[in-house]
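Novice: Given next are the chains, with one letter for each unit.
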Amino acid sequence: MRNFLSRFWTYFFLTFITLSFANSSYAIDIKVWDLSGRSGQTELYEILDKEVKKYNPDINVVLVEYENEAYKTQIQLALNGNDGPDVFFNWFGEDSARLARAGLAMDLTDYKNMEGGYGNFISEAWQNAGAVDGKIYGVAIKAVSKYFYYDPAFFDQHNLSVPTTFNELLDTCRSIRAIDSSIVPWPMGNSERWKLNHVITMLNQRVVGAENSKADYALTASEDELFTNPKYVEAWQKVVDLQDAGCFNDAPNATHPDLTRSMFASQISPMMYCGTWCGNIFSSEGFEDFKMFRFPRVEGGADDGTVGFLVAEGLQVSTKTKYPKEAALVASLSVADDVALADAELRGSLISNPAKIDQMKDASHWFTFYVNDIADKSGHVNVLDVLLEANVSNAYLDMGTEILNRTKTPQEAMDFIRKVALEAKAAM
Amino acid sequence: MDKKSSHSNSFSLSNDRFSVIFLIVPALIFCTVFIFIPAFWVIIGSFYSFGLTSLNDWEWVGLGNYVKAAQDEFFWIALKNNFIIVFASIVLQVGVGTILAAILDRGIPYGKVIFRTIIFTPMVISSVAVSLIWLIIYDPNVGILNAIIKSIGLSPPMRGWLGDPNISIWMVMIVAGWQYTGFMMVLILAGLQGISKEVYDAAEIDGATGVSAFWYITLPMIRNILIIAILITTIGAFKVFEFIYILTQGGPSNATQVLGTYIFLQAFNLLHMGYANALSVVLLIIALILGWLQVQASRRA
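Top line first, the protein sequences correspond to chains A and B.
For reference, each letter of the first sequence is one residue, going 1 to 428 in our numbering.
For reference, each letter of the second sequence is one residue, going 1001 to 1301 in our numbering.
Derived from the structure by calculation, the hints contain no laboratory data.
Every residue, glycine too, gets a C-beta built ideally from N, C-alpha and C.
Each hint can be trusted.
The calculated lysine-lysine pairs, modelled on DSS-like cross-linking and capped at a C-alpha distance of 25 Å, are:
no., chain 1, residue 1, chain 2, residue 2
1, A, K50, A, K361
2, A, K72, B, K1239
3, B, K1080, A, K419
4, B, K1080, A, K408
Sample of chain B residues with no beta-carbon within 12 Å of chain A, all distances over it, derived:
no., residue
5, F1022
6, F1047
7, W1076
8, V1091
9, S1126
10, V1186
11, V1199
12, A1202
13, F1214
14, I1228
15, A1297
Next comes chain B alone, as it looks inside the complex (with noise of 0.2 Å):
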């Protein structure tokens, strides 16, 4: 009996060794032709000058790129702008996605669903599609911001909503806001339903109604999903290249660049294929720590 029961689970761990192998394998040839392979020549590509049209003559530089990197004004510009970014998307994406899940959640008697539906709805529109509504809008001739700001008396900016780069980064970041906020709400409201009645119910009892029942209830009850969601927001924000490149290209004169655009302008436009591949390290490396951080976060949620 024991030796049968002993056949069969060594048979059925075999098989449960084979089922793992035979699963993981197809992702792991993908991920090793798609990814690792990449970014092993990244990294490599990274310590020689050589363009996108001369790909056979490689230059050994060493650090040179990364030196290169520390002194170029317009990579920090790009650094910089990724910061703001990340700090603007959590507060628009996350914060306003929030209120928007709490008020859906607790706020509003009817029509959930449909308000849930239209905020969630700029999320399935490809990014190239939104960013191209948005440079209509952004018009400074035929937009209709330009038209509404007129028409309530204001004046819209000599520049240009795109085109001024003091406020530039900022309407790229709306768009951004638009797209994505509904994304937000529906994972924060996924984690508010969760919460039992009870615990409100219970606070009732002890006084705590409203905004006092958001900030001392709801808000701690999910806190994992909001660092979640922060979190999520950040590696997006780092990755951002769509919504710049179409609406911007990083301009005007570098107030929008950010390193995905910038990599993309030294790589494609000024053929510094090395310097890209050591600025695409730079931005691999913040991801790894984000995602690190990410991987954390979601174990302890």
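Pulled out of the complex, with its shape left as it was, chain A reads as follows (with noise of 0.2 Å):
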């Protein structure tokens, strides 16, 4: 008895020390969720893997991709669950923000410094893209902006010369109607409403500008003067003359905006208003010989012409993650110098970690047309869907709309437009 007695105990500390020592590595899975259809994408996670695995070789980084709107939906669904991502991907502004102030990303702040931590290959105005109230809640990893593409061999051909003003633009719609009235010279896909967002976010930048929209944006203004500024007004009306001259196609708001890619890209319209992320699916569409010029300035308008559109982007971590340190990594990693290489050279990214950029391998012209640009900016405007209030943007949504219906004027979008701001205001 004795015999069995310390033969069981002995086999029990065997098996206990043995599975002690098992259980002491354990592959921790972090699952990434970011927005599909961008080439390259697996493959540059395939290098992030392996980056991270260089500093915990237990990690592994699970790409999980959603389409575009759905993710939009998908996310905020995802993080108030159990079964969420422990990284994310997000458009940094007023979405980033608010998953912030509500407890749902992670602050990152402390992890900064960590080794591996984000804090030593992005600098402070990059790291800052993603903070609120002082804290860091996402790690920046590219910034996405946008041009008018358009084709040269179209335009030398019927001597048209590429656009500076607004006026100018206008006429060009008008010079190419008159070449052939079936040739759209802009094809405008809103059936998702944010393309014309685009379009206003740029228009109220030029006509109304960054230091009279400040306030009214960020719903501070006094509710006698909350969006009564004329401009604003001024700028719808831009919209309704660029229709005018002919610029869009018919049925804007029934046209999905991957459409209007392929028009471009088929060379059945010389000209489009597209992000810096058109130039790789233009390529990959077998168009290559486009060039690219700024949203022109407005005569008489609040700026130059020098300020661009920017979106910084990026990955948070969920504050239900049972790894917020691995997820920390995994985030911080994502602009780690040789990944931050990839993700130029495989998405086509405008990287915020430029360390390694000269030994990018055939970089596009496109690509280095969009660094020398942003470079050159005085300045930079976010969009408005991502930058405004959730209700006032759904109404500048829903406004752009009626203004290419031609069921709401100019004045009566922005009275619309106001009613809700001060209703939001109010809420706030």
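Need the complex rebuilt from these two chains, each delivered in its own frame; the hints are there to steer you.
Specialist: Laid out in structure tokens, this is it:
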């Protein structure tokens, strides 16, 4: 009996010690949610996984992709549930700040200078892109901007010059229609509402200006003044002018944005306003001989045309993650030198960490243009559907549809936006 | 003998009772977890203000969300659209379904099975896939509908089939009708096939043939089936979501907004969870009334 007991305890301790050692090394899956439809993304995340394993070989980076529109809803639901992502993509602005304020995005300030921390890779300015009330709630990986893309062969053939002012842009549209009325100079696919929102973002910037719109956008202007500046109406009127000049296709509110991209890529249309993600898409559809120009300045407007559209994007960490340190490491290493270089090469991203940008292989002409042009801009404006309070943003999106359909005048559109803004301000 | 029989009866009764409980409990558990408890929280939540990203921060507003709904023009547009869809669905799905069923039952001598299968086929396709197919058909740039309209010398709508607030809701209705008319046809056809041929023979002797036989014999005899078909269509019309969400997302400018999509917009885009709960309670009440009517109609049928 005594013998049996001593054997039992020996086996028990051996088993316990073996299991303890077995458990001390286990795989940690860090789920990262990102948008789908970006070429080279799977390869990029494989590179990130390898980079993370240099710091912690037990971490596996698991990529889960969602389509753009579905993602916006899905992420909010998932962050409230128990099976959400550890790390997730977000647009930096009101979208990311709201999650931080609601306690759904983790404060990453303390992870800045850890081994592999994002503070080792990106500048203070880029770090602050993810800041809310002095704390950092996201790692800014890249930025997106927007440009007019045009077909230089078409422009040369018809002696068209690149417009530098808004009126010249209207003239360009008229000239293209005069060449062939069936050619759509600037295809507009607003079925998802955000396409025109990006245009009115720039028109507000050009006509109203950043200083004059700041208090309205933040809803800090007094009730008497909130969105009363007549320049806002003027900015909407510019959309009507574009339509009257024949710039857009018929039925823009029923046209999908992807289709308009294809219209340009297949050279059916000679011009379009599209994001920095579009260059690679046009290239993948077989059209690379395009050039770009900035959104033209508006004569008599508030800025000189040097302020550009720029939205920072990056990764945030869920407060519900079981592995906060590991998740913070994954988010941080997404801006590590080699990963950032791969991001630029594979996804064509305008990366926040340019340490190895000189080593970039075969940089496309559009990538080089983006990098140089953004560096040359005097300031940046965030897009309205990311920047504004949700109700005001929705009102701006709706009014874009109404203006294109001519079911509301610019004045009526601004009256509605002001009404919604006043309600939103009262609810704050 | 009596004692034995009574013992056996009581055993059988308790056995039956056990079987009933055994069969009901799983369903009851599922209903409680997935319907009753969420419905309870939706009702409670409708008296609070909270957002999707602030689920732990509920602020009591009493009937505030319901008052807000009463004053919200887009809620009324959504409700009105639901009623438009009810009306149009009854005409398109039940009306056309009845005519198709009558033709298949008595109008054509051959190919009934083939036609029935073809007409029923859209029903087995996912609504999402159906919506995507029609999204391409309606496209103002590459859609076949515009090409057909132009080929016969007409002009398609300038704002597009789904971009024009005056017609977009009707275009959505056509898609829903295309998918569900076949189902209604099969339902009504089953009713028609239950009518004895002798009734028609007798009616023929009295001079009722063709349309008059359909009007005076067929319709009254399938009345109960039609009531059920109308109720199913009505309930479906109030629950409609996927067609609108995929085809128009409630646009242009809320012209095709229905309660389902408006609740979604408020909850997940504008983050007014409490208000979305209140709208859901309104929809729940409407659905309960319609459900009660359906049960009554089923009993009569």
